[in-house]
Amino acid sequence: MRYPCATAPKPPTAATFLTPMIDVHNVTRQFYSKTVVDRISFHVDAGEVVGFLGPNGAGKSTTMRMLTGYLPPTSGGIKVAGHDILTDSIAARREIGYMPENVPLYTDMRVKEYLHFRARLKGLSGKELRIRVGAVMDRCGLTDVRRKIIRTLSRGYRQRVGLADALVHQPKLLILDEPTNGLDPNQIRQVRELIQDLSENHTVLLSTHILSEVEAVCGRVIIINEGTIKAADTPENLVNQLRRAGTVHLEIQAVPEIAEAKLREISVIKKVTLECEIEGGWKRFVIRAESGTDVRQKIVALCAANGWPLREISRLSANLEDVFVELTQRQI
Amino acid sequence: MTAFITILRKELRGFFLSPVAYVVISMMMIVQGVSFLFALKPLLTGPQNMSLVQAQFTGALFWIPLFVLFPLITMRLFSEEQKMGTLEMLLTAPVRMADVVLAKFFACLIFYIILWLPTILHYLLLEWIGGIEHAFPVYALAGAFCIIVLLGMMNIAIGCLASSLSANQIVAGVLTFALIVMLFLLGHLPGSSLGGLSEIVQEFFEHINSDLHMQRFSSGMVDTRPIAYYLSATAVLLVATTFTLNARRWKN
Ligand SMILES: Nc1ncnc2c1ncn2[C@@H]1O[C@H](COP(=O)(O)OP(=O)(O)OP(=O)(O)O)[C@@H](O)[C@H]1O
Ligand SMILES: [Mg+2]
Numbered sequence: 617m618r619y620p621c622a623t624a625p626k627p628p629t630a631a632t633f634l635t636p637m638i639d640v641h642n643v644t645r646q647f648y649s650k651t652v653v654d655r656i657s658f659h660v661d662a663g664e665v666v667g668f669l670g671p672n673g674a675g676k677s678t679t680m681r682m683l684t685g686y687l688p689p690t691s692g693g694i695k696v697a698g699h700d701i702l703t704d705s706i707a708a709r710r711e712i713g714y715m716p717e718n719v720p721l722y723t724d725m726r727v728k729e730y731l732h733f734r735a736r737l738k739g740l741s742g743k744e745l746r747i748r749v750g751a752v753m754d755r756c757g758l759t760d761v762r763r764k765i766i767r768t769l770s771r772g773y774r775q776r777v778g779l780a781d782a783l784v785h786q787p788k789l790l791i792l793d794e795p796t797n798g799l800d801p802n803q804i805r806q807v808r809e810l811i812q813d814l815s816e817n818h819t820v821l822l823s824t825h826i827l828s829e830v831e832a833v834c835g836r837v838i839i840i841n842e843g844t845i846k847a848a849d850t851p852e853n854l855v856n857q858l859r860r861a862g863t864v865h866l867e868i869q870a871v872p873e874i875a876e877a878k879l880r881e882i883s884v885i886k887k888v889t890l891e892c893e894i895e896g897g898w899k900r901f902v903i904r905a906e907s908g909t910d911v912r913q914k915i916v917a918l919c920a921a922n923g924w925p926l927r928e929i930s931r932l933s934a935n936l937e938d939v940f941v942e943l944t945q946r947q948i
Numbered sequence: 043m044t045a046f047i048t049i050l051r052k053e054l055r056g057f058f059l060s061p062v063a064y065v066v067i068s069m070m071m072i073v074q075g076v077s078f079l080f081a082l083k084p085l086l087t088g089p090q091n092m093s094l095v096q097a098q099f100t101g102a103l104f105w106i107p108l109f110v111l112f113p114l115i116t117m118r119l120f121s122e123e124q125k126m127g128t129l130e131m132l133l134t135a136p137v138r139m140a141d142v143v144l145a146k147f148f149a150c151l152i153f154y155i156i157l158w159l160p161t162i163l164h165y166l167l168l169e170w171i172g173g174i175e176h177a178f179p180v181y182a183l184a185g186a187f188c189i190i191v192l193l194g195m196m197n198i199a200i201g202c203l204a205s206s207l208s209a210n211q212i213v214a215g216v217l218t219f220a221l222i223v224m225l226f227l228l229g230h231l232p233g234s235s236l237g238g239l240s241e242i243v244q245e246f247f248e249h250i251n252s253d254l255h256m257q258r259f260s261s262g263m264v265d266t267r268p269i270a271y272y273l274s275a276t277a278v279l280l281v282a283t284t285f286t287l288n289a290r291r292w293k294n
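Here the protein sequences come in this chain order: A and B.
Quick note, the first sequence lines up with residues 617 to 948 if you use the numbering used here.
Quick note, the second sequence lines up with residues 43 to 294 if you use the numbering used here.
So that you can see chain A by itself, here it is in the shape it has in the complex (with noise of 0.2 Å):
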């Protein structure tokens, strides 16, 4: 899957670095009365890679649709690399790479047969067109099936020829809808290096449920919920401001009860449970605090304070996980 491109792409220009790929300026898509995208507006500069996350039905794919000139926006609008998706549509088109949701064929074509297709319908011909093709087959590891008919392949390697379709014409923006949804654990890691690789000169939004290839290949999330999105920023950031939220282990000897009522005055301690009870006496209790605030020095002075033998104070570190929970679960 690591084989360099035919073809140099094009250096980027300074319009490149001045226009957003993608700005997305205040866009609502409602479905018959129900708005399943909500006043949304955010942008991606050139050369990132933008992880879209979200639980399902958030309004990940529609958000996509829209992007791709597939589906018009009920208000609001969106450029891509300068073009108005709605107004100037083909050419937006054009600097687009697209893989939808399930990877729709057509499953009657050989899978050579079928990049050529794709790649005329982009623009190319000739002895470039046959360079692209070969040049993607080979990156996507399809070469050894390239005369199969589609229909017969497996899941995986139908979404390589969706991945395939998308790079053909090295278009400035790939948008990708979960890339690794059905993957293996080989091909997730492959898709994952692909994607790495590709970073180096075209810009990603991709949507994904898996949480450490985020962390592994994007250099920012943007979380949405019910059609509105609820955050927008580095991994490293997004993390960092839950971690300050955290939740603090500690093994002491103590009278359970006691120990509970003494934490407990601690203003911003919200919950202490005890957790288990280990032999020697050991006590192990499980501390929620307050956003944005750090309990561990209090404790620990609480502890000496009433000479309770203390042998372990964590903070449990949140990740990507954590923030996504926190972010877009159901408030009940």
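No wet-lab data here; the hints were simulated from the structure.
Each hint should be verified, as a subset may be incorrect.
[Stated by the list, open to error] Examples of chain B residues toward chain A, derived with CB under 7 Å:
#: 1; residue: Met43
#: 2; residue: Ala45
#: 3; residue: Gly127
#: 4; residue: Thr134
Ideal placement from N, C-alpha and C gives every residue a C-beta, glycine not left out.
Take the given structure of chain A and dock chain B with the ligands to it, following the hints.
For chain B with the ligands alone, kept in the frame of chain A given last:
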């Protein structure tokens, strides 16, 4: 233009690679052979008041296979795209909806015209093998083919519209069949027992009577009004197809 030609080529290949195509081709070859024989036969007994061409292209043997043919060749066109979701791939490439509709329409039309080639061969054979000069009026044959093509355009456009309305091929096919038969029967209303129609209504029904057009053209009487009728109906139907497809992808 590239997009149009690319899709046209892909669709044409699709036609010749599908098993349905060969069923349709064999069906049409048999039908044409039989109707040619049936048209020839009376001539053995003596002169007839209809030319060979007219006899072949005006009976039930001409019309009934057509009612079946159009649904068969058009029902797949847009239904399948909608069912498989492949329009999303097509229309996120730099391709216009009009390119897609026109390319599919013309691919179907070309296939349809190819289906009629055996008949031309029959007439040529009649001259070559039969050794008969002027066995048939060439202008009449040209006229008949003119209607065959024009009628084909309109009916294929009807099929396009029907298949844009449903993701289910069978529904699209049945709808096409119903619309084509209905249109044919409407043209015959004035001739039926329903008398007392006003003159304008009479004229309207005559205007859409394909059977009448065929009778006239296949006797060499070429008229521009039917040509305008078929071409404009085709255009309207194709525009409607484009609108339907857009509306269905935008709303759904
Ligand atoms: N064509 C449509 N008609 C009506 N409702 C739709 C349509 N397409 C999407 N929706 C609704 O819009 C909402 C968002 O759907 P969308 O496919 O964008 O979610 P998603 O974030 O991609 O989810 P997933 O992670 O499951 O792919 C869902 O509630 C869905 O039911
Ligand atoms: Mg989705």
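> Which numbered conditions among the earlier hints are violated in the structure presented, ordered from lowest to highest?
Replying inline: 1
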